[in-house]
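Asks: What follows is the residue order along each chain.
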Amino acid sequence: MNLQLPPLGPIMPEIFMTSLALILLMADLFIKKKEVLAGASILGVLVVAYTLIGSSGSTFGGMFISDGYSSFFKAIFFINLILSVLISIKYIRIERVNFGEYYSLIALSTLGMMIMASAADLIVLYLGLELMALSTYILAGFIRYDIKSNEAALKYFLLGAFSSAFLLYGISLIYGLTGTTSIKAIASFISEKGLVGNPALSLSMTLFVVAFGFKIAAVPFHMWAPDAYEGAPTSITAFMSVGPKAAGFAVLGRVFMIAFASIKFEWTFLLIPLSILSMAIGNIVALAQSNIKRMLAYSSIAHAGYALIGVIAANTDGVASMMNYLMIYAFMNIGAFAVVIMLRTEGFKGENITDYEGLAKTHPFLSALMLIFMFSLTGIPPTAGFIGKLYVFMSAINAGYTWLVLVAVVFSVISAYFYLRIVMYMYMREPKIEVGTSKSGTLGVALGVTAVMVLAIGVYPKCLVELARAALSGF
Amino acid sequence: MVLSTAVFTIGVFGFLSRKNIIIIFMSIELMLNAVNINLISLSHYLQDLRGQILAFFVIAVAAAEAAIGLAIVIALFRNKATAHVDEIHEMKG
Chain B
1 MNLQLPPLGP IMPEIFMTSL ALILLMADLF IKKKEVLAGA SILGVLVVAY
51 TLIGSSGSTF GGMFISDGYS SFFKAIFFIN LILSVLISIK YIRIERVNFG
101 EYYSLIALST LGMMIMASAA DLIVLYLGLE LMALSTYILA GFIRYDIKSN
151 EAALKYFLLG AFSSAFLLYG ISLIYGLTGT TSIKAIASFI SEKGLVGNPA
201 LSLSMTLFVV AFGFKIAAVP FHMWAPDAYE GAPTSITAFM SVGPKAAGFA
251 VLGRVFMIAF ASIKFEWTFL LIPLSILSMA IGNIVALAQS NIKRMLAYSS
301 IAHAGYALIG VIAANTDGVA SMMNYLMIYA FMNIGAFAVV IMLRTEGFKG
351 ENITDYEGLA KTHPFLSALM LIFMFSLTGI PPTAGFIGKL YVFMSAINAG
401 YTWLVLVAVV FSVISAYFYL RIVMYMYMRE PKIEVGTSKS GTLGVALGVT
451 AVMVLAIGVY PKCLVELARA ALSGF
Chain F
1001 MVLSTAVFTI GVFGFLSRKN IIIIFMSIEL MLNAVNINLI SLSHYLQDLR
1051 GQILAFFVIA VAAAEAAIGL AIVIALFRNK ATAHVDEIHE MKG
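Line order of the protein sequences matches chains B and F.
Once you know that position 26 of the first sequence is 26 in my numbering, the rest is easy, because the numbers rise by one and skip nothing.
So the mapping is simple: my numbering equals the position in the second sequence, first residue as 1, plus 1000.
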């Protein structure tokens, strides 16, 4: 028996990430000061990001592929990890859950996302998805003594496991139909044998839509999102509103644009109502929320709807605009959550929207930052949110979906009401209660980076747009 | 295939209609096992090993999932002694 090791170059970042997670877990036994672990995880991720350079190629018999598309998504995941760790150092001490496993689990979850982005085979895709999901369930329930956190983890877990069973059933159907699990081979099999219009193929594609719909929290598969986002620790809410969503879009793009390319008409037909419903329910229900984490949860549902428009356009421009949108969303959303965390001090939750009344009088600088993030989430120039929406809408118009863009713009106007309500509360009301902020250097760094990036991308978007286009060459 | 479809459907209905968390778990396991039956029968039919490999992965992941799920239920049970989903309603809106 002659066993030969496949080339490990393309999978190097994942190997380093695994080692990082395990080292963090081991180091947790000896290191009493958990802040050291946070620093180590950030340094480790920078090393992993460095190994990403020059890792292109495919390995393990074509099951695992590292290309521009996966590298762009991995960059989003690294940014997500670094910013989430920065905002959580002080926060998890306040919540009295300052354990070392926290950082290890975040690294493992990011590893799952990286595997998903690189999966060229449905088996690898499933394994990555489960690794990401299982770690995130634990993180959502990390505040063990708090029943809200338990409940969030339970709901997230039940619906997540339910959706992965749907994904598996879809995989088993497509395996029976084509006799393979490789994404490329499925595509060639479908077009060669003329399977377009086969009911089993349509059913399997529908099951994929259901499973990915759960992961990106698109309506009508969004029921878990508001509860899970509200109950989970705020830093984890920021982490899981960006990471798993981006990973879901990464596999959505790869599976639908390659494996199901020949039944494009059928899946766009399913995704259009999903996108419209997400924007409608997300934006309209957010109007009635009084808890800011819950409001941001509904807003994240709406943003999944906007990003879906890029996938619906179903060409390279559309996918590039979707990637841009997710990158921009990572910065503005984590920024907004960083402000929410800033208001969490000992004995004060600071999660009600009314807590923001008159914040501009007591903390002018913090309010100005929140103003930038809210403008960006609404999509007002010169912030990055405007650029993200602009490119998504442009690609959809070029693909002939002008009416869909009109619908999206209407909902985007509705969303201005609840985003700007917070701005109005901060600047036009008198402070009723004394609101303190938790001072922390790392939190400040995270806020600064996100705010600068939101403005920089808004003023000078060319760099990011070119990067996304270049990443898609050879897709 | 018919057996697997039947088991999967029972799992879906069990998940949607039952109120006890443990029974909901069992429904999810039913759904996963239905997929395994499907994969293995298809693998035999196609004379291809891939399906059986995936079935092994599914079994391993299902075990991990059960461990995490039960851990979450125990953590919840310590704070609120119930296994009934209608009584877990801290958040609304």
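There could be a bad hint or two in this list.
[Claimed, not checked] Now the stretches of chain B that chain F is said to cover, found in silico as 3 or more residues with beta-carbon under 8 Å:
(1) 147-158
(2) 172-183
(3) 213-225
Just so you know, these hints were derived from the structure itself, not from any lab.
None of the values given here were measured: they were computed from a predicted structure.
Note that beta-carbon positions come from the ideal geometry of N, C-alpha and C, so glycine has one too.
Asks: Each of the hints needs a verdict: does it hold here or not?
Replies: Hint check results:
1. 147-158: holds (count 9)
2. 172-183: Holds: 7 residues of the stretch 172-183 of chain B have a Cβ under 8 Å from chain F.
3. 213-225: Coverage by chain F is violated here, the residue count being 0 at a Cβ distance below 8 Å.
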